[in-house]
Amino acid sequence: MNVLGVSCFYHDAAAALLCEGELVAAAHEERFTRKRHDPAPPRQAVDYCLREAGLSMSDIDHLVFYDKPLLKFERILTTYLATFPRSLPSFTRAIPVWLKEKLLVNKALSRDLGFQGELLYAEHHQSHAASAFLASPFDEAAILTLDGVGEWATTTEGVGHGHTFELTDEIRFPHSLGLLYSAFTYYLGFKVNSAEYKVMGAAPYGEPKHVDTIFEHLVDLRDDGSFKLNMKFFAFDYGLTMTNARFERLFGEPRRDGESAMEAFHWDMAASVQKVTEEIVLRMVRNLHAKTGLSNLCMAGGVALNCVANGRIVREGPFEKLWVQPAAGDAGGALGAALFAWHQILGNERQHRMEHAYWGPAYSADEIQTTLDAYGAKAHTLPHGEMIERTAALLEAQKVVGWFQGRMEWGPRSLGSRSILADPRNEENWKRVNLKIKFRESFRPFAPACLAEKASEWFEIDRESPYMLLVCQVRADRKIPAVTHVDGSARLQTVTRASHEEFHDLIRAFDERTGCPIVINTSFNVRGEPIVCSPEDAYLCFMRTDMDVLVLGDHVLYKEEQPELEEDFDWRERYALD
Amino acid sequence: MSQEHLRPGVWRRLFDSWLAIVARFGEVQTQVLVAGVYLLVIGPMGVFVAVTRRDLLHKRTLGVRDSAWSPADSVTTPDLERAKRLF
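Residue numbers (the numbering used here), protein chains in the order written: chain V, 9 to 586; chain Z, 2 to 88.
Bound conformation, chain V alone:
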């Protein structure tokens, strides 16, 4: 039996395919369409999943959508009732889209995906919970899902046993930790549902001076981790913005213009909302542990991508083990919907445990060669071992390398398949990659990818972090300035050979040359662009930036040897800044 899960219409459309309960493929639509956070029905992601499994749409037994549209619509109408007449602008903008598309999910998906059967629907947080627990390595675990909002729930907690789980408690809209964080993201001039991670990255530059103000005026936090927002300060329930004038008066500053300089106040605000988020999550986690008595915790939902909070759960929380699904945001709902149908609805036992995040497309040597030929690119095709050694030597020589190997990652992080790599010992690499290659804000930190077997020698961590979802401290005696944040922390990825052979071999070769088992690992894209998917995407990104070297499979390309890229448009205008 083949079950296809789909998420779309809001942001981060994606598809995930289970064949007899085994995950075969999963991918984000944005990677194919090259539109960041593309919400459209994931036609190309579905096509890829079917291609990977050697199936056609007629072979799909169940197509599962990741939320319940009518429940969501009920919440929206109720909100309009409760906020009349201020919600008029929001109503006139949202309702036509609902009537035209979102209420007609079955028709839209039949039309766009070609599925002729009857659609199944999982609730939004059931999808998150399924993606968290049913893909986890645990037979039994507590479950916590946190995001902006699904139908009504914004936060749920529950317990998973075997192939089933039960969500027992929830916090309902508009009281949402995800929306609180997004409100501050908006106030700080960043893009909502896109750039929340920038606020997290900005937080260590500031002091959490406004925590008391937030708890006094905005968030009513209880001992059990539940909370209510004081909606007098927010506009997301009725308007087209996240915060209102009262919010600005409370903090004494207007909303920051997106491209203006970050000042002390903004860093402090980022630090404050981050601290508040951590306190709420930690209190929830302790309460959940007290209620369940379990030793394992699974998390999903957009807030579960907050790796600083995750790091504190690992260090301070009462749970022994934490597992966060790599695509914890709404894209992961596609996987959760499929797992929910296979296990919870159809009653099948669990076979699949997610052991890596490489569920996207791979490209053969012939396909890569075809791309290179099309652009007249000059490549050096090396034996595999020599390619590894050459790349390590180039990194040691302070070259910035575009690294394209194997199957594309599932989730928002580049984990060694579609990555830009550099030497972490050289602080200049941080500035260079940020400003001249990624064209992004100078304050944003880079993540280290480290051999799993040596991680504890360099970082204060006692477990693996394969999906770059834990932040920990760099050991004081280690000097890797290009991946060490201002507070001495790092967003670590640990790499095992079992999960990614080529990437592990490369880091090991770099370690043998330099004594440093770590490389800078940042996503292979420029600011505003989705992570590259195909060899063509990678070649174009390489040629448009100051990257020195591109390694496509066993092909090594040097920038100075390439013919000039002829384009009749400005690619910078293609990708809107986030």
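Since the hints were made in silico from the structure, they are not lab data. Remember, it's a predicted structure, so these values are computed and weren't measured experimentally.
Label pairs and their calculated CB-CB ranges: (1) Z:P45 with V:P97: 15 to 21 Å; (2) Z:D56 with V:G301: 30 to 36 Å; (3) V:N434 with Z:A24: 58 to 64 Å; (4) Z:L57 with V:M9: 38 to 44 Å.
DSS-like, lysine-lysine: derived pairs with alpha carbons at most 30 Å apart: (5) V:K236 with Z:K60; (6) Z:K60 with V:K110; (7) Z:K85 with V:K108; (8) V:K110 with V:K236; (9) V:K110 with Z:K85; (10) V:K199 with Z:K60; (11) V:K407 with V:K43; (12) V:K283 with Z:K60; (13) Z:K60 with V:K217; (14) Z:K60 with V:K299; (15) V:K236 with V:K329; (16) Z:K85 with V:K115; (17) V:K236 with V:K217; (18) Z:K60 with V:K240.
Beta carbons: idealized from backbone N, C-alpha and C, even for Gly.
Dock chain Z against chain V, hints included.
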């Protein structure tokens, strides 16, 4: 049908003109219609909700001992028939 029947009369020309305007300003028309629905349908109910001080979104502050957790709305034993529903 003869060509005579297809020749637009006054009403037909007015209708075609309206369609041309709508095509150009369709979005504006949609906004106007939807705003009308908001005022005429949501409006009276919204006023009722406000007058009767119903707290549909549970915005009022908590008592000192109250929890904001509520029992989850999800069904504990999902079945295929329920999964086929949009609600």
